[in-house]
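Engineer: Here is how the chains run, residue by residue.
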Amino acid sequence: MFLKLAWRNLWRNKRRTAISISAVLFAVLFASTIQSFQKGTWDHMVDNVVRYYLGYAQIHQKGFWDEQTLDNSFDPKDVPASLYKTVDMSPRLESFALASSGEITRGILVVGIDPQKETAMTGLKNHITKGEYISENDHSVVIAEGLAKLLKLTVGDTLILVSQGYQGQNAAGAYPIKSIAKFGAPDLNKQLVFMPLSLARDFYGTGERLTSLAVNLPGRAELPAALATIKSQLPEGEFEVMDYKKLMPELVEAQELDTAGAMLILWVLYLLIAFGLFGTILMMTRERTYEFGVLTAIGTKKKTLAGMLWAEGMMIGIAGAILGILLSIPVVYYLNINPIQLSGDMATAYEKYGMEPVMKATFEGWIFLRQAVIVFIISSILTTYPLWYIWKLEPVSAMRE
Amino acid sequence: MPIIIAKNIEKIYNPKTVPVHALRGVDLTIDKGEFTAIVGPSGSGKTTLLNIIGGLDHPTGGSIEVDDTDISKLSDNQLIDFRQKKIGFVFQSYNLIPVLTVEENTEFVMLLQKRPKEERHRRVSELLASFGLGDKKDKRPSQLSGGQQQRVAVARALAPKPTFVLADEPTANLDSVSASNLLDIMEKMNREEHVTFVFSTHDQRVIDRARRVVTLVDGKIDSDILQK
Ligand SMILES: Nc1ncnc2c1ncn2[C@@H]1O[C@H](COP(=O)(O)OP(=O)(O)OP(=O)(O)O)[C@@H](O)[C@H]1O
Ligand SMILES: [Mg+2]
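Sequences listed follow chains A and B, in order. The numbering of the first sequence is my numbering, which starts it at 21 and goes up by one. The numbering of the second sequence is my numbering, which starts it at 324 and goes up by one.
Don't take every hint at face value.
Claimed, not checked - Taking lysine-lysine and the DSS-like style, the derived pairs with C-alpha atoms no more than 30 Å apart in a straight line are:
id, chain 1, residue 1, chain 2, residue 2
1, B, 408, A, 412
2, B, 511, A, 322
3, B, 460, A, 322
4, B, 484, A, 321
5, A, 412, B, 330
6, B, 409, A, 322
7, B, 440, B, 460
8, B, 551, A, 322
9, A, 323, B, 484
10, B, 462, A, 321
11, A, 34, B, 462
12, B, 511, B, 437
13, A, 323, B, 511
14, B, 437, A, 412
15, A, 24, B, 459
16, A, 321, B, 460
17, B, 437, B, 543
18, A, 321, B, 330
19, B, 460, A, 24
20, A, 251, A, 105
21, A, 321, B, 437
22, A, 34, B, 459
23, B, 396, A, 323
24, A, 137, A, 266
25, A, 169, A, 137
26, A, 412, B, 339
Unchecked claim - Quick list of simulated restraints, FRET-style, between CB atoms:
id, chain 1, residue 1, chain 2, residue 2, range
27, B, 365, A, 405, 35 to 43 Å
28, B, 452, A, 295, 45 to 53 Å
29, A, 245, B, 437, 53 to 61 Å
30, A, 23, B, 417, 22 to 30 Å
31, A, 404, B, 437, 23 to 31 Å
32, A, 22, B, 445, 17 to 25 Å
33, A, 36, B, 388, 43 to 51 Å
34, B, 484, A, 350, 54 to 62 Å
35, B, 469, A, 22, 24 to 32 Å
36, B, 452, A, 385, 53 to 61 Å
37, A, 36, B, 511, 41 to 49 Å
In case anyone wonders, no lab produced these hints; they're calculated from the structure. Heads up, the beta-carbon is just placed ideally off N, CA and C, and yes, glycines get one too.
Turn these sequences into a full structure, and let the hints steer you where they fit.
Structural biologist: Shown next as C-alpha cells:
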C-alpha cells in the first residue's frame with residue numbers, strides 16, 4: 021500500500037521526476053562509459069607492452085634492471101632445471117646497440133631469442149607483416165616496422181649494428197633483414213630488433229649467457245601463483261624476479277594518476293547529481309507538509325510516512341541507476357568491440373607518450389555495479405533528509421501552513 | 324456515559340517569546356452520542372480546544388481524559404496510535420490524499436488499523452453508498468466538488484467506527500447546500516450508528532442543527548446550551 025502510495029507520489033510532478041531520473045541516468049551512463057574507456061585504454065596499453073614483449077614477469081641477474089648491461093647477464097645453468105620444467109619461459113639476451121643504414125643512425129634494442137619459445141609467448145611470428153619469421157640457426161633478423169621505416173630499410177636489406185659487447189669487447193655485424201614485424205606500442209615499434217639467440221651471443225661475445233627469462237603466462241590471473249613458484253625455486257640472492265608492474269612502473273603510475281584524475285571528475289559529477297536530486301527530494305517533502313500533518317493527525321505512524329518518503333527518493337535513484345546501466349551496457353559493449361582509432365593531433369600526442377593511439381572500452385560488470393552502488397549510497401544519504409523532516413513534524417504546526 | 328472529560332484546560336502558545344493565552348481554564352465533559360457544536364468568535368480558541376481533545380496538541384495545564392485514558396500522559400507516538408484507534412478527524416479542507424481514489428481514501432484509517440480487506444470493502448461501499456458517493460469511488464479527490472470531498476473525509480473518519488469524531492469547521496469552505504448535505508449525513512450517522520460528533524463552526528445554520536452548543540469567548544466557556 022505505502023509502496024503504491026510512494027509510486028503514485030512520484031508521478032504527481034511527472035516532469036520533475038522524469039528530469040531527476042534522467043539526471044541520474046546520464047550520470048550513470050557518463051560515468052560507466054568514462055570508466056570503461058579509461059580502464060580499457062590503459063589495460064590495452066599495458067597488455068600491448070606485456071603481451072608483445074615484456075611478459076607478465078621476468079627473471080634477471082640481481083642488479084640487472086638498475087644497470088642493464090651485458091656484464092649483469094647470467095649463466096642459464098644457475099637457474100635450477102626444475103624451474104624450466106614447471107614454468108614456461110622465453111630466454112633472452114638483450115642489449116642496446118646502434119643501428120645504421122646510409123646516413124641514418126638510431127639507438128635500438130637488440131634481442132637474442134629462441135624463435136620458437138618467443139613466438140609461443142608473444143606471438144612474434146603473427147606480427148610479421150613482411151617476409152618470414154627467423155629460425156634458430158638463421159643469420160638474419162626481424163626488425164620492427166617503425167624502425168624499418170626510420171632507417172628506410174626493408175626485407176632483404178642489410179642492417180649494420182655496432183655496440184659494446186660482453187666485458188668491454190667490441191661488437192659489430194651486418195645482418196640481412198628477414199622480416200618486418202608490427203608492434204602496438206609505438207615505443208617498441210621504433211626500437212626492436214630480434215635475432216636468434218646464438219647469433220646474438222656471437223655478436224655480443226657473451227658465450228652461453230642470458231640477460232633475462234621472460235615468463236610466459238596465459239593472463240594476469242596466473243601471475244601470483246607463478247611468482248610464488250619461481251621465488252620458491254630460485255637460489256636465494258642471485259636473481260631478481262619482477263612482475264610487469266615493477267618492469268614498467270612509469271606506466272602503472274601514469275595509469276594510477278590518470279585514474280585518480282578521472283575519479284575526481286566523476287566525483288564532481290556525482291556531487292552535481294546529488295545536489296539536483298536533493299533539490300527534488302527537498303521539494304517533494306516540503307510541499308507536502310500539510311498533507312503529512314493530516315496523515316499523522318489521522319494516525320499514520322511516523323515510520324510509515326518516513327518509509328514512504330524514503331521509498332520515493334530511492335525509487336528515483338534506483339530507476340535512474342537501472343535505466344542508466346541498461347543504456348550503458350550496449351554503449352560500452354559497442355565501444356568495446358569497436359575501439360576508436362585516434363588520428364591527427366590526438367594520435368601524435370598519444371604516440372609521444374609511447375601509447376598506441378586507440379581508445380578501447382573495457383566491458384566489465386563491476387564498473388556498472390559500482391555505479392549502482394554509488395547511486396544507492398547517494399540516494400540513501402539524501403533520503404535521510406525526509407526522514408529527519410518527518411521525525412520532527414508536528415501535526416498542528418504542519419497543518420497551520 | 325462521559326467519553327471526554329477536560330478539566331481546567333490551559334493553553335499558552337509561545338510561552339517564552341510572545342505568549343498567547345488561547346485557553347484559560349476550560350472544563351468540558353462530552354457524553355457518548357452527543358452532537359455538539361463548539362462556537363465562538365475567531366481566535367476564541369475553538370481549534371485549540373479541539374486539537375487538545377483530539378490529542379494533536381498538549382495542554383499547558385489541566386487534565387484531559389478520553390475514553391478513560393489520561394492522554395496528557397501519552398508520548399507523541401502513543402498519541403498517534405491513540406488517534407488512529409479512537410478518533411475520527413475532519414478538517415476544514417484538503418483532508419484527502421490527492422493520489423488516492425475516493426475508495427482508497429475512505430479505507431485509509433482502516434488500512435492503518437490492518438483491518439481485513441473484506442471488512443474494509445464492505446464498510447467503505449456501505450458508507451459511500453449512503454453518502455451518495457457510490458459512483459465516485461474510483462475518482463481522485465481533485466475530480467470531486469468541495470462538498471463531495473468533505474463527505475469523503477467524513478466517511479474516512481467514520482469508517483473504522485471511532486469513539487468520536489472531531490470536525491474543525493467542516494463546512495467553512497462549502498456553499499449552503501453542500502453544508503446542509505454534510506450536516507444531514509453527520510446527523511444520520513449520529514442517529515443510526517450513535518457516533519459522537521464534536522464540531523466547531525461559525526455558521527448559524529450549522530449551529531442551529533447542533534443538540535448542544537458550547538460557546539467559547541476569549542479562551543473560556545461563555546455558555547453551554549442544550550437545544551431542541
Ligand atoms: N500555533 C500557534 N501559535 C501561536 N498562537 C496561536 C497558535 N494557534 C493559535 N494561536 C492563537 O491562539 C488563539 C486561539 O486560536 P484558535 O485557532 O484556537 O482560534 P479559533 O477559535 O479556532 O479561531 P478561528 O475561528 O479563526 O479558527 C488565537 O489568538 C490564535 O492566534
Ligand atoms: Mg479555528
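Engineer: Straight-line Cα separation of residue 408 of chain B and residue 412 of chain A no greater than 30 Å?
Structural biologist: 22 Å, holds
Engineer: Confirm or reject the claim that residue 365 of chain B and residue 405 of chain A have a C-beta distance inside 35 to 43 Å.
Structural biologist: At 36 Å between Cβs, range holds.
Engineer: Between residue 323 of chain A and residue 484 of chain B, is the straight-line Cα distance small enough, at 30 Å or below?
Structural biologist: 24 Å, holds
Engineer: Would the hint linking residue 34 of chain A and residue 462 of chain B be met if the CA-CA limit is 30 Å?
Structural biologist: 19 Å, holds
Engineer: Is residue 412 of chain A within 30 Å of residue 339 of chain B, Cα to Cα?
Structural biologist: Within the cut-off at roughly 20 Å; holds.
Engineer: Measure nothing beyond the straight line between the CA atoms of residue 412 of chain A and residue 330 of chain B; if it is 30 Å or shorter, mark the hint as holding.
Structural biologist: 29 Å, holds
Engineer: Does residue 322 of chain A sit within 30 Å of residue 551 of chain B, going by the straight-line distance between their CA atoms?
Structural biologist: Violated, at roughly 43 Å.
Engineer: Mind checking the alpha carbons of residue 321 of chain A and residue 460 of chain B for me, to see if they're no more than 30 Å apart?
Structural biologist: 25 Å, holds
Engineer: Is residue 34 of chain A within 30 Å of residue 459 of chain B, Cα to Cα?
Structural biologist: 25 Å, holds
Engineer: Does 54 to 62 Å hold as the CB distance between residue 484 of chain B and residue 350 of chain A, or does it fail?
Structural biologist: Once the Cβ atoms are compared, 57 Å apart, the range 54 to 62 Å for residue 350 of chain A and residue 484 of chain B holds.
Engineer: Against the 30 Å threshold, does the CA-CA distance of residue 251 of chain A and residue 105 of chain A hold or violate the hint?
Structural biologist: 15 Å, holds
Engineer: Taking 30 Å as the top limit, are the C-alpha atoms of residue 396 of chain B and residue 323 of chain A close enough?
Structural biologist: 22 Å, holds
Going through the hint list in order, the structure does not satisfy hints 2, 8, 13 and 17.
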